[in-house]
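Same order as they appear, the protein sequences are chains F and Z. The first sequence begins at -2 in the working numbering and counts up by one. The second sequence begins at -2 in the working numbering and counts up by one.
Among the hints, erroneous ones may be present.
As the list makes no split between identical chains, a pair holds if one copy fits it or if it spans any two.
[Stated by the list, open to error] Below, computed lysine-lysine pairings styled on BS3-like, alpha-carbon distance capped at 27 Å: (1) K2 with K18; (2) K114 with K2; (3) K114 with K169; (4) K114 with K18; (5) K79 with K18; (6) K18 with K169.
It should be emphasised that the hints constitute simulated quantities derived from the structure, not laboratory data.
Protein chains: 2
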Amino acid sequence: MQALKEAIRREGVGIGSDIVKVDSFLNHRIDVALSTQMGQAFHEAFADERVDCILTVEASGIAAAITTAQAFGNIPVVFAKKGDHRNVGSDVYTAEVFSFTHQTMNVIRVSRRYLQKSMRVLIIDDFLANGEAIRGLMDILRQAGCELVGAGVCVEKGFQPGGQQLREEGVKVVSLAIVDAIQDGNIILRDD
Amino acid sequence: MQALKEAIRREGVGIGSDIVKVDSFLNHRIDVALSTQMGQAFHEAFADERVDCILTVEASGIAAAITTAQAFGNIPVVFAKKGDHRNVGSDVYTAEVFSFTHQTMNVIRVSRRYLQKSMRVLIIDDFLANGEAIRGLMDILRQAGCELVGAGVCVEKGFQPGGQQLREEGVKVVSLAIVDAIQDGNIILRDD
Chain F
-2 MQALKEAIRR EGVGIGSDIV KVDSFLNHRI DVALSTQMGQ AFHEAFADER
48 VDCILTVEAS GIAAAITTAQ AFGNIPVVFA KKGDHRNVGS DVYTAEVFSF
98 THQTMNVIRV SRRYLQKSMR VLIIDDFLAN GEAIRGLMDI LRQAGCELVG
148 AGVCVEKGFQ PGGQQLREEG VKVVSLAIVD AIQDGNIILR DD
Chain Z
-2 MQALKEAIRR EGVGIGSDIV KVDSFLNHRI DVALSTQMGQ AFHEAFADER
48 VDCILTVEAS GIAAAITTAQ AFGNIPVVFA KKGDHRNVGS DVYTAEVFSF
98 THQTMNVIRV SRRYLQKSMR VLIIDDFLAN GEAIRGLMDI LRQAGCELVG
148 AGVCVEKGFQ PGGQQLREEG VKVVSLAIVD AIQDGNIILR DD
């Protein structure tokens, strides 16, 4: 997606060999026009599918999940919660997700009330690297008996294996930008 | 705001004397049409003001922050992060926020890059009870030299003192629904 790639070229910072810092427009400060366009792009990519619900995980996935849901005509968004939540209650699906960014194991939780059997669900997230978050969400969808439509991610780290592995397993993964490498602080994007 | 009050009457659950559970449409599952309408309502309430940026705190504030920013013509959203974040870096403003929901003290962080001096900032959050989160965000705005336009909250717990105290201090607080009490599991809403 052109506008996202331009934002990454203009504002993204590559750190070391694997960190793509895009917090000026994606996951700390949010460029809302760009986020809205990304939602439209995800809708376009999955427009042939029936989608009943968007599933994401707090917190950075929420913005793109909302704009995607708007593009689909205001379908509901459910976001998985991390850690203990007094408010979530005990009637939940859980999955374990290892965060490479924070080097911690997180439990994510979704209330059973919001995922019904046979619901067709599109996963949206801001990043795809090793695929841990998406696999955690897929695990929850399996427990709930939902059908996975696919996964839309804003930025895929193409040099980490998550995206390729998911595609090989038959998951429709749509990434709006793919980073092929970080070299001397430069973010090398894959051309379409 | 009528649509929000109707959603609270229809789906909200009062627990004990102080918990207002609205996670079927506000802070776990999100009713995206309602969220979009809430953004428009916040825009209406602050339409006379110049607003450069929306500030919220992860995770439940993000949805309404995004839709409010859209209603203001796609101004940027900045969301404060909780806890340690390898990605945020050290060049941050911080504030301490006590969460009554989780009974924990959280440090919230905003990168200094995204709040410039004299920027006019509107705070948006999903809940206002004792006002801790909004005071933490106000503290960060003070450190950054920003001007506080006001605070828009989806649901105010009118039986807790945060909203009244902020108003007495001259902060323009706009709540789209105010809960006056919880009685036998029923949520008593203040009439306009």
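Tested hints:
no. : hint           : in the structure
1   : K2 with K18    : within (13 Å within a copy, 40 Å between copies)
2   : K114 with K2   : neither (37 Å within a copy, 29 Å between copies)
3   : K114 with K169 : within (20 Å within a copy, 45 Å between copies)
4   : K114 with K18  : between (37 Å within a copy, 24 Å between copies)
5   : K79 with K18   : both (22 Å within a copy, 18 Å between copies)
6   : K18 with K169  : within (25 Å within a copy, 35 Å between copies)
Hint compliance for this structure: hint 2 is the single one not met.
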